[in-house]
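Read top to bottom, the protein sequences are chains A and B.
If you count the first sequence from 1, you need to add 2 to reach the numbering used here.
If you count the second sequence from 1, you need to add 2 to reach the numbering used here.
One should not assume that every hint holds.
Stated by the list, open to error - What the simulated footprint calls covered on chain B by chain A, stretch by stretch (three residues with Cβ under 8 Å from a Cβ of chain A suffice, anywhere in the stretch; the number is not a length): (1) 81-91; (2) 140-148; (3) 216-225; (4) 293-300.
Said to hold, decoys possible - The calculated DSBU-like cross-link candidates involving lysine-lysine, where the alpha carbons are at most 30 Å apart (straight line), are: (5) B:Lys281 with A:Lys288; (6) A:Lys114 with B:Lys114; (7) B:Lys71 with A:Lys92; (8) B:Lys92 with A:Lys92; (9) B:Lys114 with A:Lys281; (10) A:Lys281 with B:Lys288; (11) B:Lys5 with B:Lys297.
To be verified - One side only, chain B facing chain A, incomplete, derived with CB under 8 Å: (12) Ala152; (13) Leu156; (14) Ser158; (15) Ser159; (16) Leu162; (17) Gly163.
None of these hints come from the bench; they were simulated from the model.
Yeah, the Cβ is synthetic: ideal placement off N, Cα and C, and Gly gets one too.
Protein chains: 2
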Amino acid sequence: MWKGRNVVVTGGAGFIGSHVSDWLIAQGAAVTVVDNLSTGFREFASPAATFVEGDMLDQALLDRTLAGKDFVFHLQANADIRENLAYPRKNVEQNVLATQNLLEAMRANGVKGIAFASTGSVYGEPDVFPTPEDAPFPVQTSLYATSKVACEGLLSSYALGYGFSSWVFRFVSILGPRYTHGHVFDFVKRLRKDPSTLHVLGNGKQLKSYCHVEDCVAAIMTAVGATAAAGSGYWVHNIGRPDMLEVNTSISYIVRELGLSPKLTYEGGERGWVGDSPKILLDIGKLRALGWEPKHTLESSVVDTVRYLVANPWTMDRR
Amino acid sequence: MWKGRNVVVTGGAGFIGSHVSDWLIAQGAAVTVVDNLSTGFREFASPAATFVEGDMLDQALLDRTLAGKDFVFHLQANADIRENLAYPRKNVEQNVLATQNLLEAMRANGVKGIAFASTGSVYGEPDVFPTPEDAPFPVQTSLYATSKVACEGLLSSYALGYGFSSWVFRFVSILGPRYTHGHVFDFVKRLRKDPSTLHVLGNGKQLKSYCHVEDCVAAIMTAVGATAAAGSGYWVHNIGRPDMLEVNTSISYIVRELGLSPKLTYEGGERGWVGDSPKILLDIGKLRALGWEPKHTLESSVVDTVRYLVANPWTMDRR
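Input sequences plus hints: build the corresponding full structure.
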């Protein structure tokens, strides 16, 4: 369904966006990447994509870029959850306002299909595990997740009000090549500077689920493919794996892969920081019912990430 | 608990805000109203309140106004649900950005208590009636409700991240004196111009729950009073009545009260407009458990509203 289609990938120089672009280009789509390179790397963007350097708050740029396009993968975001309290406006601006600007540029150009990267952290601290898409109405615990919930609402409102087709994906942490933030990246980067010690935020016992970026891209494309012919509509899917890993186990994979035996020190309790979730496990039954199945294990996802970082130390030098 | 305290009421020249201000002043609080008079009326604002005319997008004004204050009732909003698709940015600006500006002004001034008017329409089109506060994660059906969900998340995030005490109230439609928008107002206003015909959006069979503004104010004060001593926290309460009314029944009360027998014409199906809810009934058990009970019936709420409008035709002339 993608051959010859004109697709925009926001955040296409970022981790997930660059993999989505590569996949689309392999399918024969013409891809235009929009990225302000604030956290993305120019090197990550598919060489075969048209690269537009610009910010999502630049409405005129978005209006121009969306002209003649067929579909949007919206993967640009402020993704720094941990710093959300230091810059309380950033999530509203870079996520909510950015997403509305994009939707308005789509509307102005008659583009009506959009797939959006939300987050499993919209479930706050759920009581139900694995957490399904229709879990009890959550209390938001971070400005990051709040902004993503707002974006989800924009997408559903545009679907209902303006006939958009909107797909929302609630991710666990995604791992794999080109992963350049979050705890695996931080740990590898810090161990590179000081191989003798590793300081851990939280008690190391937080239970997290991860998903490999290849499985993530396959999941997105499976869900969009399943309902793309439906005309307008709104679909929400969790993306994750059926199992969890203690942060300490993840650390054991990392240090083993690096051949190190650092002294571990801990700070704080069951949450690494305010807004951190002590436990994440999403119900992925809805996507599985469409035929998708994750192929990478938790361990191979962590190991793949470490190997990529070791082979590409420049990604750590620039952060 | 309010005597001698310095309280800000945003939207204090509006329908609910003016009643909240009156109540606080009767309790001995010093009230400062902030209102841009875009939909509020200067006449509604309590004469005993300090009146600050200004917009919530004016950060400097908010920063000045919050100095030395103890608590905020945040009742300012873009409340026009029906027009949400004609002005898609208005809800994000006047609700999300306005609320974050207010929270930032509070943070800058060390003010940490806030009660906020959300809406029962955050439940979208629920499957569970009466709808409890922890209903299944809803799909947002309007930009208005989307913006309110975002504001709720801002309040919970500021509670968790910055130690705020935040109370969120999800209202059904509130009726009573000074009610100047929504369907009872529209019907009375239109019947005043043309007593022979009344055109109804939808099939008239939508089931709505209403609550009288006096009961609404009592509910807010009951909930805030119950947990004000708890230190920081986040509390969500539905406000409504345990019963519903067909729009057609509401119309029968209105025309009876006005002594009219107009010809009724209908347009559309079970929804009056895109984003309208065909049925609203909120579970008010949580507030009842605190000792609150609505005193007005659905009928007396409608009748009270009509009588106010008949006695104050200037409110219809200015809209």
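Results for each hint:
Only when three residues or more bring their CB closer than 8 Å to a CB of chain A does the claim for the stretch 81-91 of chain B stand; here the count is 4, and the claim holds. Coverage of the stretch 140-148 of chain B by chain A holds in this model, with 8 residues showing a Cβ closer than 8 Å to a Cβ of that chain against a need of three. Counting residues of the stretch 216-225 of chain B whose C-beta sits closer than 8 Å to any C-beta of chain A gives 0, which falls short of three, so the coverage hint is violated. Against chain A, the stretch 293-300 of chain B contributes 0 residues with a C-beta closer than 8 Å to a partner C-beta. That does not satisfy the three-residue criterion, and the hint is violated.
Taking the CA atoms of Lys281 (chain B) and Lys288 (chain A), the gap is near 28 Å; set against the 30 Å cutoff, the hint holds. This hinted pair does not check out: Lys114 (chain A) and Lys114 (chain B) have alpha carbons roughly 42 Å apart, beyond 30 Å. Restraint check: the Cα-Cα separation between Lys71 (chain B) and Lys92 (chain A) comes to about 26 Å, which is no more than 30 Å; the hinted pair holds. Taken as a hint, the Lys92 (chain B) and Lys92 (chain A) pair is honoured in the structure, with Cα atoms around 20 Å apart against an allowance of 30 Å.
Annotation: proposed proximity of Lys114 (chain B) to Lys281 (chain A) holds, straight-line Cα distance about 29 Å (limit 30 Å). The straight-line distance between the Cα atoms of Lys281 (chain A) and Lys288 (chain B) is roughly 28 Å, inside the 30 Å bound, and the hint therefore holds. Only pairs whose Cα atoms come within 30 Å are accepted, and Lys5 (chain B) paired with Lys297 (chain B) is accepted, the gap being roughly 25 Å. The restraint placing Ala152 (chain B) at the interface with chain A holds, with a minimum CB-CB distance near 4 Å, inside the 8 Å limit.
The beta carbon of Leu156 (chain B) is positioned within 8 Å of a beta carbon in chain A (closest approach about 6 Å), and the interface hint is therefore held. Interface hint status for Ser158 (chain B): upheld, as the beta-carbon distance to the closest one in chain A is roughly 5 Å, under 8 Å. With 8 Å as the threshold, the beta carbon of Ser159 (chain B) comes within range of chain A, its nearest partner Cβ sitting at about 5 Å, so the hint holds. At about 6 Å, the closest approach between the beta carbon of Leu162 (chain B) and any beta carbon in chain A falls short of 8 Å, and the interface hint on this residue holds.
With a least beta-carbon distance of about 4 Å to chain A, the hint placing Gly163 (chain B) at the interface is held under the 8 Å criterion.
Of the numbered hints stated above, those contradicted by the structure are hints 3, 4, 6, listed in ascending order.
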